[in-house]
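Number of protein chains: 2
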Amino acid sequence: MLSKAQISLITSLQHKKFRKQHGLFIVEGVKSVLEFLSSEYQIHSLYTTAEARTKMGNLPQKLKCITITTSEFQKISGLSNPQGVLALVHLPTSENFDWASLKQQHNLLLDDIQDPGNLGTIIRTAEWFGIPHIICSMGTVDAYNPKVVQATMGSLARIKIYYTPLADFINRAEMPTYGALLDGKSIYETNFGNAGLIVMGNEGNGISKEIEETVDHAVTIPRVGNAESLNVAVATTVFCSEIARQKMKPS
Amino acid sequence: MLSKAQISLITSLQHKKFRKQHGLFIVEGVKSVLEFLSSEYQIHSLYTTAEARTKMGNLPQKLKCITITTSEFQKISGLSNPQGVLALVHLPTSENFDWASLKQQHNLLLDDIQDPGNLGTIIRTAEWFGIPHIICSMGTVDAYNPKVVQATMGSLARIKIYYTPLADFINRAEMPTYGALLDGKSIYETNFGNAGLIVMGNEGNGISKEIEETVDHAVTIPRVGNAESLNVAVATTVFCSEIARQKMKPS
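So the sequences go chain by chain: L and W. Numbered by my numbering, the letters in the first sequence go through residues -19 to 231 in order. Numbered by my numbering, the letters in the second sequence go through residues -19 to 231 in order.
Hints listed in this document are in silico derivations from the structure and should not be mistaken for laboratory results. In this text, all values refer to a predicted model and were calculated from it rather than measured experimentally. Possibly wrong hints are sitting among the right ones.
The list treats identical chains as interchangeable, and a pair is accepted whether it falls inside one copy or across any two copies.
Taking lysine-lysine and the DSS-like style, the derived pairs with C-alpha atoms no more than 27 Å apart in a straight line are [unchecked claim]:
no.	residue 1	residue 2
1	Lys83	Lys35
2	Lys11	Lys189
3	Lys165	Lys227
4	Lys127	Lys(-3)
5	Lys11	Lys44
Using the sequences provided together with the hints, build the complete structure.
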């Protein structure tokens, strides 16, 4: 049985304001919830239908599990095809930068990415290509937005996401900085070295003036056809893939 | 003034069945409609609000333009933020394959791609990287679905899309065929030559057994991190980018 207060709490978490207030976010779906259960995240509680509960296997004894009916589940789900599994997860406490790790990696910096689907796809893609840290400008869409969580397909459970003013971060990092810009050097002729910061800009406006000034290397994905632009998750993919290629097979 | 019959016709075009029946599809937004106006597509009619009409510049004299109110426009728009510009465009008549052109290119083959956003992003990305032909299996989502049209950002106006049984096409093409598969050769060590067929599989199931048997080269995007899979538009991007790189800078 689901109380009105529980429904109200859970549905409020669709909004950033209430995620901050309660320190919780929503993860839905069998696979995604299992990924969070085996991650460093702390699970607050798990809501399942009786049928979906059987797909979850053995759960930690301490975990607060609430079994509800399918019609109750529809009241809390944000998906058009609910899978019957929804976890409330504690937001991570803001962490200090792990400079020792950051300095040895290529790290993605996102300058005001707005679309939840784009951010989710970027997080999933970054994980595939072995980029463990994503640093977001304060204006980037919240990574704990349910649409972002969904699009990461579980990768959010393992990738470290930071929100911080990017210009400060770039200054402190003192690492080579590469920006996705027009009229830069071809990405295929750019040597990304062993570590660096890769800056991707906003969907409509690209990298902001303030951040562009801190970029050491303007890098461009050469255009062969007539498309006016690339989707930002697609452009990020080209950067991640090229960096991975260079590390595997130095040219 | 918009008649009930007009509203009913336009909204019916959200569905493939009625697009086929009327031979029409919907293009929305100032930029996308302008791209189709300057393409080989035949425009049936254009609906605009008075305000949005001013953003369209000079239009062909023969074009049937209907100015409607903002509240009327909301009845026909499929977008959450309507821009006040909607064109009905004639579906292309099914064309014979342009083998002379196909044989000199890398062509994308899509084996039952289901998500409209993925297909739209693939069309836009293919155009950026200079891939002018996309051959879709009969089970692939309809490219004239309004969500696909929207996601192509105008690229649909210029890219040739064919729907045909893929196995037959591959047999007739007699070109080297590369398939995105697990446990293949690294994409970064694959030589794509000057022309070929690049097969991308369904979101959940990958390339079907029937098509896999026709693939000459199994190609894999090496995984560095722990993500279980890549989004299919992201995987297609890696193929398009690597092919473009090899053509620009033979390694």
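Okay, the hints, checked on the actual structure:
| no. | hint | in the structure |
| --- | --- | --- |
| 1 | Lys83 x Lys35 | neither (41 Å within a copy, 48 Å between copies) |
| 2 | Lys11 x Lys189 | between (40 Å within a copy, 25 Å between copies) |
| 3 | Lys165 x Lys227 | both (19 Å within a copy, 17 Å between copies) |
| 4 | Lys127 x Lys(-3) | within (16 Å within a copy, 30 Å between copies) |
| 5 | Lys11 x Lys44 | within (18 Å within a copy, 51 Å between copies) |
Going through the hint list in order, the structure does not satisfy hint 1, though it satisfies all others.
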